[in-house]
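Colleague: This is what each chain is made of:
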Amino acid sequence: MSSFIHRLVGGFASVGLPGNMTLFHFGNCFALAYFPYFITYKCSGLSEYNAFWRCVQAGATYLFVQLCKMLFLATFFPTWEGGAGVYDFVGEFMKATVDLADLLGLHLVMSRNAGKGEYKIMVAAMGWATAELVMSRCIPLWVGARGIEFDWKYIQMSFDSNISLVHYIAMAAVVWMFTRYDLPKSFRLPVTVLLGLCVYKAFLMELFVHVFLLGSWTALLVKAVLTGSISLCSLFLFVTLVHSN
Amino acid sequence: MFEEASEVFDNMFKSSFPLTFIVFIPAVLILVSPLPAEAAHEFTVYRMQQYDLQGQPYGTRNAILNTEARTVEAEVLSRRCVIMRLVDFSYERYQKALRQSAGAVVIILPKNMSTMPQDIVQFMELEPEMLATETIVPVYFALEDDELLSIYTQTLTSSSSQGSSSAAEVLIHTATANGFQMVTSGAQSKAVSDWAITSLEGRLAGTGGEDLPTIVLVAHYDSFGVAPWLSYGADSNGSGVSMLLELARLFSRLYTYKRTHAGYNLLFFVSGGGKFNYQGTKRWLEDNLDHTDSSLLQDNVAFVLCLDTLGNGDSLHLHVSKPPKEGTAQYALLKELETVASNQYPEVKFSMVHKKINLADDTLAWEHERFGIRRLPAFTLSHLNSHREVQRSSIMDVRPHVDLRKLSRNTKLIAESLARVIYNLTEKGAPGDLQIFTEQMMQEEQLSSVVDWLTAQPRAAQLVDKDSSVVSTLEYHLGRYLKDVRRHYVKADKRDPEFVFYDQLKQTMNAYRVKPAIFDLLLAFCIAAYLGVIYLSIQKVVERLYAKSP
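Those sequence lines, one after another, are chains L and X. The opening position of the first sequence corresponds to residue 1 in full-length UniProt numbering, with each subsequent residue numbered one higher. The opening position of the second sequence corresponds to residue 1 in full-length UniProt numbering, with each subsequent residue numbered one higher.
Note that these hints are calculated values from the structure, not bench results. Every residue gets a Cβ at the ideal spot worked out from N, C-alpha and C, and that includes glycine. Please note: incorrect hints may appear among the correct ones.
Claimed, not checked - Facing chain X, according to a computed beta carbon distance under 8 Å, are these residues of chain L, among others:
no., residue
1, Asn28
2, Leu32
3, Ser44
4, Gly228
The following block holds chain L by itself, in its conformation from the complex (with noise of 0.2 Å):
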């Protein structure tokens, strides 16, 4: 029997790979990167309330964000002239900074859509990660892993694009705990540290990587521990928050 598999497996691994192989290898990258999305807002139950094209338009609300971040950080921060390979801490910080206007996006979504809490949050992020998957992933992937040559970063752009509609579906419930009038004073603060990491974990995970020498695989992990440590920490606040009203 082993030495029936052993043949087969050979067998298979000495065989080429083909050129319609690598679609195969494309549709493996699109359908980990996005399942996660379809599973997520059928089980969210948002189909029920006819939320796609609210999705949509918070997309489109993506879309005009990243325009306005485009221009402004091409008009105030022009290349720096520092020495190469030194890494520009403070530069890169306040470009990090500029990601405060998703905090705005988000909320500008949220507050157009009347419903529950909950709704409101899972439209806004579904839409807001739907359009960051289709803008930056989609492309590449498809230019990328049709290609005869394989590389690993595909399939961590996959886990990537997981991992980052944890993240926007925190971000969106942290952005949507801050404005409620009916926050107690002693959530502030946390929520408050919440919205920070979510604007500056980009900035943090390079800092990571360059400081620690991190490899691709690693700081994907690291990536995703601290999505995960973010989106537990407002899950909880949430829940705390809607059982308490």
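Starting from the known structure of chain L, fit chain X onto it as the hints suggest.
Modeller: What follows is chain X alone, placed relative to chain L:
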């Protein structure tokens, strides 16, 4: 969800037609876009020779390759690209790859080829054998660098572990190891039409009347090796060409002064296509003897001296097809060479080698045989004993193969002997150790720089066309010392070509990292499992959230 999506798209279509274009045209363009070429490693490869000589094909016939890489240790070699390093190269392994119908062979040459003399000698001997067998698969040579070496070691580990481990190990191996797909970028090789082999001639006219005897000095400038782009031909025949230029310089200096202007015409010929059965010389002779009414070659030719591979060694051989008869100028030169060698350069062993012209052979042995066929007295001077020596046609013949002191010494020896013949010094009683050319006249730096320049680029006949810098620089050099410098072109006959060259001799090869097919299946399986876990966990979370809320 799909109903809502279709609703949205319906609205889009109905409301604004241009909007749909803006959305869909870029999408369509992206979908049909060609794939980018992003390789793990891109490097230059040099193809083995491909040519037809007198209708007989030699070398490799193919240029394109798009196959997976393996090393010789692997079990299955058919339709794969076999990578070998020079240190591991042997004729048996090469034959083994060809017998198992490999898709291609790539031989990796070390950067510093002179560090392993044993391998070099062994490889030099294998070069003619590799060329003699006509191979359908493309054979490429690549120069080693770190990335290529790492590709080789990775391929080696994966090739040698095939078929020897358990199923679990094979599974893990397919997931982690990299296979490499080697792809060349060029097209299939085809015959080059209308290739002109260029030769150059120049002369120094003698003084003292009409119908002077002519001495012809010949050297072929092209090089040969198993790969045209890697044949630098330092000793064979860069040494001969540099010696010819030096002799041209020396005798043109002598001929400028009336007192030293001799009664011999000196005709210098730098021939092309020498390694392909001396095509340049053959056509030049035909043109001068058959197609023109008057030419220096038709009248009084004292002798023709061909210079071939004189940059090393302590022996000099004068190859003749007929031993010279006493009283001829040929005999005089033979005697002068003996005299000068024994008196002034005792370390040089001079000898005459007699070899009859064998017209039944595929190719002629030495260049003088072309002249011999046309009944002109000719000989070739070389430090090699036999024309079959592998040093004459090897890619390992690079600049370190030429010993400048020995080349300079040989040049002096020949210059002295020629001077003694031209000025008839032995009859006039000059002693054997009289030195005509003083130390200041011989310029070793010039010799050295000419050799350096010649060996700086490959000079295979397929690569030097009439616009090449090699030809124009040689023309300029000859023009500095000689008069009537002319070019001479040889093109192959249309109906029955003596030589046919093929292109695509240098390619860019890309090595793409690929994973075997089972890897994608494994990955799909893992992703499906991961998605299943996600689905279950999300459902659980949502259930608990909704269970808690009132």
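Colleague: Would you check whether L/Asn28 satisfies its interface hint, that is, whether its CB is within less than 8 Å of any CB in chain X?
Modeller: holds, 5 Å
Colleague: Less than 8 Å between beta-carbons is the criterion; does L/Gly228 satisfy it with respect to chain X?
Modeller: The hint is violated - L/Gly228 has no Cβ within 8 Å of chain X, the shortest such distance being about 12 Å.
Colleague: If you take the shortest Cβ to Cβ gap from L/Ser44 to chain X, is it below 8 Å?
Modeller: Constraint on L/Ser44 satisfied, holds at 6 Å.
Colleague: Under 8 Å, Cβ to Cβ, is where L/Leu32 needs to be relative to chain X, so tell me if that hint holds or is violated.
Modeller: Given a least distance of 5 Å, the restraint on L/Leu32 holds.
Hint violations for this structure: number 4 only, all remaining hints satisfied.
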